[in-house]
Amino acid sequence: MKRADETVTTYEPDNSLRKGYLSVFGEIVTELRENRWLMYQLFRRDFLALYKQSLLGALWAFIAPLAGMALFLLLNRSGIFLVGEIEAPYPLYAVLGLSFWQLFATGIVAGSNSLVKAGSMILQINFSRKSLVLASSGQAAVSFLIQFALVLALFALYGIAPGIGILAVPLAVIPIMLLTLGMGFISALLNALVRDTGTVLSMLVTFLMFLTPVLYTKPKDGLLLRITEYNPLYYLVSGARDLVLTGALAEQEGYFLSALFSVGVFLAGLVVFHLTETRITERI
Amino acid sequence: MRERAIVFEGVHKSYPLYHHITGGFKNFLFNFPKSITQFMNTRYDVLKGVSFEVLRGETFGIIGKNGAGKSTTLGLIAGVLKPTSGAVAVRGRVSPLLELGAGFNPELTGRENIVLNGVLMGLTRAEVVRRIGEIIEFSELGNFIDQPIRMYSSGMLARLGFSVVALLNPEILLIDEVLAVGDAAFQSKCLSKMVQFKKNGVTMIFVSHSLKDVEEICDRAVWIDNQRIRMLGPAREVVNGYLRAL
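One line per chain: the protein sequences are R and G, in this order.
Heads up, our numbering is the position in the first sequence plus 32, with the first residue counted as 1.
Heads up, our numbering is the position in the second sequence plus 26, with the first residue counted as 1.
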């Protein structure tokens, strides 16, 4: 067993920034490397606890996108809401889009609750709080894998072969994950400060889903088109969907700018979290 | 001369005060700069200029009234809190003996919780798995170890908590009022384990309202009163001083 007693740890008032941003990144990388087992164990805890005492268990991951898709199909068929012209069968288009969307939606809600949920643990044990946020997004990744299995089943059902771009899905998921984690870090801090954040965020995620063309195509004109053009989530979700359905990115510039934006949000979230996490203990 | 395990140097700790927005939200917005400064900067002091040292292998008690700053002192040793000014130096791995339930997930089994807690305390999964047999045996939980811990009684949870910490080679052990739970037989087992720790040079910080325990278990103690150290010295003298002041 590693003996830590040769080293003396000195706790002083926060001075991370005085050491410079580069050393902050060094500290973060070391912390994440040293805590990989903790992240795995926290992920395992959340995963095991999620489906215990649940009648339908992992089936819930199928039910949510199927219900969303069925609702929009119904609205479309009755002429109340038009989803636009889509080449692929609508159920496939919708479930595929929702699987990427849910990665963001589930991840950010889980991330925002991760600190508050850990409560007394944070007050008593000195461990990496970043691991809590990072591990919480693991649940979203598992749900995504389950939902993607549903997507593959739908491809088989319709007798359609996915585009070669399906092989790039692991890459297309990265910017969505980075955006989710970056926003997750910030919302976890905000939720610890002001508990309304959790409530606002769940509302905001639903609102954003209707605002983002996930279950319908990009609008042709109007205010919604202008909003969509500045919505990075649209480019990330529809870009990933395009890759699977057609094998190519339809809006490359928007996609790459959004991916860059995700990297920025992730780094900003990580640094802000690192610099403020010890103060948050006082607020839990 | 024995090595110093913990050093507090002029430690000052204050917490932010919680505000409710008084005078309405409109008032808050119209006086926004003032409101936000007040919101961010009003703090209350918990510790003021506290300095003491704990030597390696010493059993050190912290006593004082409710809200005196005992748990804050433990939080500063654990590194969970950072001082507002001054410095806290700690030599060795700190293992907090957890309050019931902290760090435990009710839906997971005792066995799964042991692994999670071990990893939370900074060990690798392999290190915890290697010692899990001993931990389970020490806890005397038998077949319950594979049941979700929401089925445990408070005594069983205390056993599990103590067993995890006791068998993971603590160097500095923080004990915050947790030994009162559990039956007499397990309590005496814990006490004999603590005597063994003492022989092995484990530093123990003991926070308790049970002055008898502090007097019996601790070598030295500190009495914190009104955010400052009121008395520091041999446990018996500090406890007597505290009793006289009551």
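Keep in mind the hints are simulated off the structure, nothing from the lab.
Just so you know, these numbers come straight off a predicted model, no measurement behind them.
Cβ atoms here follow ideal geometry from the backbone N, Cα and C, with glycine treated the same way.
Keep in mind that a hint or two might mislead.
To be verified - Within a straight-line C-alpha distance of at most 25 Å, the following computed SDA-like cross-link-like pairs (lysine to any residue) qualify:
#1 G/108 to R/250
#2 G/225 to G/211
#3 G/60 to R/229
#4 G/108 to R/120
#5 R/149 to G/134
#6 G/108 to R/56
#7 G/108 to R/151
#8 G/74 to R/54
#9 G/60 to R/120
#10 R/250 to R/151
#11 G/52 to G/74
#12 G/108 to R/44
#13 G/108 to R/54
#14 G/74 to R/41
#15 G/91 to R/115
#16 G/224 to G/40
#17 G/108 to R/300
#18 R/149 to G/43
#19 R/84 to G/168
#20 G/108 to R/84
#21 G/238 to G/271
What the hints assert, rightly or not - Output of the computed footprint for chain G on chain R, the stretches with three or more beta carbons under 8 Å from beta carbons of chain G:
#22 93 to 99
#23 156 to 168
What the hints assert, rightly or not - Not everything, but these chain R residues come out facing chain G in the computed CB check (under 10 Å):
#24 41
#25 45
#26 64
#27 67
#28 82
Going through the hints against the structure:
1. G/108 to R/250: violated (50 Å)
2. G/225 to G/211: holds (21 Å)
3. G/60 to R/229: Holds: residue 60 of chain G and residue 229 of chain R sit about 23 Å apart, inside 25 Å.
4. G/108 to R/120: violated (57 Å)
5. R/149 to G/134: holds (16 Å)
6. G/108 to R/56: Cα-Cα ~17 Å, so holds.
7. G/108 to R/151: Status holds; Cα separation ~18 Å.
8. G/74 to R/54: With Cα atoms ~34 Å apart, residue 74 of chain G and residue 54 of chain R exceed 25 Å; violated.
9. G/60 to R/120: Violated. Residue 60 of chain G to residue 120 of chain R sits at ~57 Å, over the 25 Å cutoff.
10. R/250 to R/151: violated (42 Å)
11. G/52 to G/74: violated (37 Å)
12. G/108 to R/44: At roughly 6 Å apart (the allowed maximum being 25 Å), residue 44 of chain R and residue 108 of chain G satisfy the hint.
13. G/108 to R/54: Holds: residue 108 of chain G and residue 54 of chain R sit about 22 Å apart, inside 25 Å.
14. G/74 to R/41: Roughly 21 Å separates the two Cα atoms, so the pair holds.
15. G/91 to R/115: The given pair, whose Cα atoms are some 66 Å apart, is violated under the 25 Å limit.
16. G/224 to G/40: violated (33 Å)
17. G/108 to R/300: holds (23 Å)
18. R/149 to G/43: holds (22 Å)
19. R/84 to G/168: holds (22 Å)
20. G/108 to R/84: violated (37 Å)
21. G/238 to G/271: Distance ~16 Å between residue 238 of chain G and residue 271 of chain G Cα, so the pair holds.
22. 93 to 99: As far as the segment 93 to 99 of chain R goes, the hint is violated, because 0 residues have Cβ atoms under 8 Å from chain G.
23. 156 to 168: holds (count 4)
24. 41: holds (5 Å)
25. 45: Since chain G brings a Cβ to about 6 Å from residue 45 of chain R, closer than 10 Å, the hint holds.
26. 64: violated (15 Å)
27. 67: holds (9 Å)
28. 82: Check passed: Cβ of residue 82 of chain R comes within 9 Å of chain G, closer than 10 Å.
Hint check: violations occur at hints 1, 4, 8, 9, 10, 11, 15, 16, 20, 22 and 26; the rest are consistent with the structure.
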